[in-house]
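Below are the chains, spelled out letter by letter.
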Amino acid sequence: MTDTSNNMETAAHPENLRRVAIDPLSRVEGHGKVTLLMDENDRVHQVRLHIVEFRGFEKFIQGRPYWEAPVMVQRLCGICPVSHHLAASKAMDMIVGATLTPTAEKVRRLMHYGQILQSHALHFFHLCSPDLLFGFDSDMAKRNIVGVAAAYPEIARQGVLLRKFGQEVIRVTAGKRIHGTGSIPGGVNKNVGIEERDYLLKDIDQTVAWSRDAVAIARQLFEQNLDLYNNFASFAAHTLNMVRGDGALDLYHGGLRARDRDGNTLFDHYDYAHYWDVILEEVKPWTYMKFPFLRSLGPEQGWYRVGPLSRVTQCDFIPTPLANQARMAFLAFNGGSAASATLGVHWARMIEMLHAAEQIQVLLHDPDLQGTDLVSTGERQERGVGVIEAPRGTLIHHYKVDEHDQIVRCNLIVSTTHNNQAMNEAIRSVARQFIDGRKLTEGLLNHIEVAIRAFDPCLSCATHALGKMPLEVELLDAEGGRADMLTRTSHGMFCSPG
Amino acid sequence: MVAPILIFAVGNESRGDDALAPLLLRQLESDSPVQAELVEEYQLQIEHVTDLLERSTVLFVDADVSCDAPFRFSEITAQHDNSYTSHAMTPAALLYAYRQVYGIDAPDSFLLRIRGYDFELGDRLSLKATANLEAAKKLVAGLCAAASPSVWREKLQASLTAID
Numbered sequence: 000m001t002d003t004s005n006n007m008e009t010a011a012h013p014e015n016l017r018r019v020a021i022d023p024l025s026r027v028e029g030h031g032k033v034t035l036l037m038d039e040n041d042r043v044h045q046v047r048l049h050i051v052e053f054r055g056f057e058k059f060i061q062g063r064p065y066w067e068a069p070v071m072v073q074r075l076c077g078i079c080p081v082s083h084h085l086a087a088s089k090a091m092d093m094i095v096g097a098t099l100t101p102t103a104e105k106v107r108r109l110m111h112y113g114q115i116l117q118s119h120a121l122h123f124f125h126l127c128s129p130d131l132l133f134g135f136d137s138d139m140a141k142r143n144i145v146g147v148a149a150a151y152p153e154i155a156r157q158g159v160l161l162r163k164f165g166q167e168v169i170r171v172t173a174g175k176r177i178h179g180t181g182s183i184p185g186g187v188n189k190n191v192g193i194e195e196r197d198y199l200l201k202d203i204d205q206t207v208a209w210s211r212d213a214v215a216i217a218r219q220l221f222e223q224n225l226d227l228y229n230n231f232a233s234f235a236a237h238t239l240n241m242v243r244g245d246g247a248l249d250l251y252h253g254g255l256r257a258r259d260r261d262g263n264t265l266f267d268h269y270d271y272a273h274y275w276d277v278i279l280e281e282v283k284p285w286t287y288m289k290f291p292f293l294r295s296l297g298p299e300q301g302w303y304r305v306g307p308l309s310r311v312t313q314c315d316f317i318p319t320p321l322a323n324q325a326r327m328a329f330l331a332f333n334g335g336s337a338a339s340a341t342l343g344v345h346w347a348r349m350i351e352m353l354h355a356a357e358q359i360q361v362l363l364h365d366p367d368l369q370g371t372d373l374v375s376t377g378e379r380q381e382r383g384v385g386v387i388e389a390p391r392g393t394l395i396h397h398y399k400v401d402e403h404d405q406i407v408r409c410n411l412i413v414s415t416t417h418n419n420q421a422m423n424e425a426i427r428s429v430a431r432q433f434i435d436g437r438k439l440t441e442g443l444l445n446h447i448e449v450a451i452r453a454f455d456p457c458l459s460c461a462t463h464a465l466g467k468m469p470l471e472v473e474l475l476d477a478e479g480g481r482a483d484m485l486t487r488t489s490h491g492m493f494c495s496p497g
Numbered sequence: 000m001v002a003p004i005l006i007f008a009v010g011n012e013s014r015g016d017d018a019l020a021p022l023l024l025r026q027l028e029s030d031s032p033v034q035a036e037l038v039e040e041y042q043l044q045i046e047h048v049t050d051l052l053e054r055s056t057v058l059f060v061d062a063d064v065s066c067d068a069p070f071r072f073s074e075i076t077a078q079h080d081n082s083y084t085s086h087a088m089t090p091a092a093l094l095y096a097y098r099q100v101y102g103i104d105a106p107d108s109f110l111l112r113i114r115g116y117d118f119e120l121g122d123r124l125s126l127k128a129t130a131n132l133e134a135a136k137k138l139v140a141g142l143c144a145a146a147s148p149s150v151w152r153e154k155l156q157a158s159l160t161a162i163d
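Each protein sequence line maps, in turn, to chains U and D.
Per numbering that gives the first Met the number 0, residue 0 is the first one in the first sequence, and the count goes up by one each step.
Per numbering that gives the first Met the number 0, residue 0 is the first one in the second sequence, and the count goes up by one each step.
Treat the hints as calculated values from the structure; they're not laboratory data.
Warning: the hint list may mix true and false statements.
Said to hold, decoys possible - Partial selection, computed: residues in chain U whose CB lies under 7 angstroms from chain D:
#1 59
#2 63
#3 74
#4 125
#5 159
#6 162
#7 452
Note that beta-carbon positions come from the ideal geometry of N, C-alpha and C, so glycine has one too.
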């Protein structure tokens, strides 16, 4: 039986417990680890997700001229540089007092939907489908994208080409594959030419069709494993997301909406320029990552979840027909069980991917993309806040700029930080369901990683070099000595020191 | 028309010596136009198989924390490792994925690992890495002059001899 005297965040007597670490997590961007404290009977007393790398980016950007921020922040993350590029640009729009021209806003939106499409495709097809298609504790040698390619070659091929299409949308709108400069304070520095538009148009119908197929795959997986999917890593959470003025899903711009666990609205259409009036961040001594919370509910009760599941369930409708139809089916499925299940996020994510594909299709037919009015300015401000719904959830960029045009303060709340407590809740739920009282196996530990990967946490700092990224699983006895150890090399091979 | 040689630089310029490969690319571009397509990414992912299509020779360049200075140049083949389970794949795993996606072997491929030391956010390229970059640049300039994998293999042998 689990230790029910606490919430598994802090064990009552850690000195008598053995410690198991999953370090680093695989199929997760960046460096994080999970620790479990267990007693001699394999009962779990404490579970924590730690972020072990301090990014320090907010310090790094200080002293730089504000117009450099949209380019520099892309180096924060190798997975979602475009989201940072656009969030910083939106903050700088406020600094220069700009109201975007139609061309500028539509080019940026196109870039953003390209980012959503490629990121969601990577996450579903390459990082999560191995677990979902083969089973969480299936043969590890098969449980990867190569295994998917062998067993389901068409699914794997579509995953590759969907991601490639999203990357091409980004290249066309941002000017380059990486270090894109397309979005600048007050607008964009290029439009989308006819030739570029036609290049993307030739593949968009296929992209929409494959995205529909992906929604069907996600649904099928849920249907085939109903009990597991309904209950895996389950927990109730408040939600936070951005919605358009009419309540529609809008991944680029809108007001903040928060709802409690029962669906009651806490605030709606809140102007994110003053986000600190509704969201605060708490620091805990055991991790570098902060814990944001809804100010009105306080740090203990105010944590929440962001991302595809929150967005798809909490918006009033999706403003593209196929995705909206898919959303209605998702909400109605099995009495609404998928909409509140942690693993329902994969289905929601594919609905968003379909929405992004449809939005790209609409935008490519919009002549405003070829407009030449690209930049606007207005009255200079000293503070700028940019918020965007990034693939993993709400992303906040906040800057203060002095009279010399230098950034003097920066605060970023990234999606993974918003989801910090939610991820901790998910892994504690898994520990109670699958690990407590059992002998540990790689398959059981992978259940914890499956829960974390549902959020697709991006703990990244965009660095990597060959020879880095080892994995170490350490089993300590009650006295703190090492009982066993398993190491994964940079090439993913496991070995034991014997 | 697809350029027969692809040079694929992997790294992040804002992370100290992780900038080695992007900087090498930048210097190749500015010193003299090379007969190769130069591509830069933060990390390798599965869609990069599409970049390898119709190439005769591919060179991956990356910073490395474990090889000997100044660099290690080697030929690589498709390998089924578990880097598929990550947001960042190894070059050998990418070649393996190429075969899975297209049903044919990937182009002849080589890996240039340039020794790096410090990878902190905001750091400049370290002095030792700067020297390694110079040595690597000379090698790559020579490689770009010849589009033939057999010539690359000769240079590979020569580089191994030089290290010995």
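- Item | Violated constraints from the hint list, given by number and in increasing order | 2 and 7
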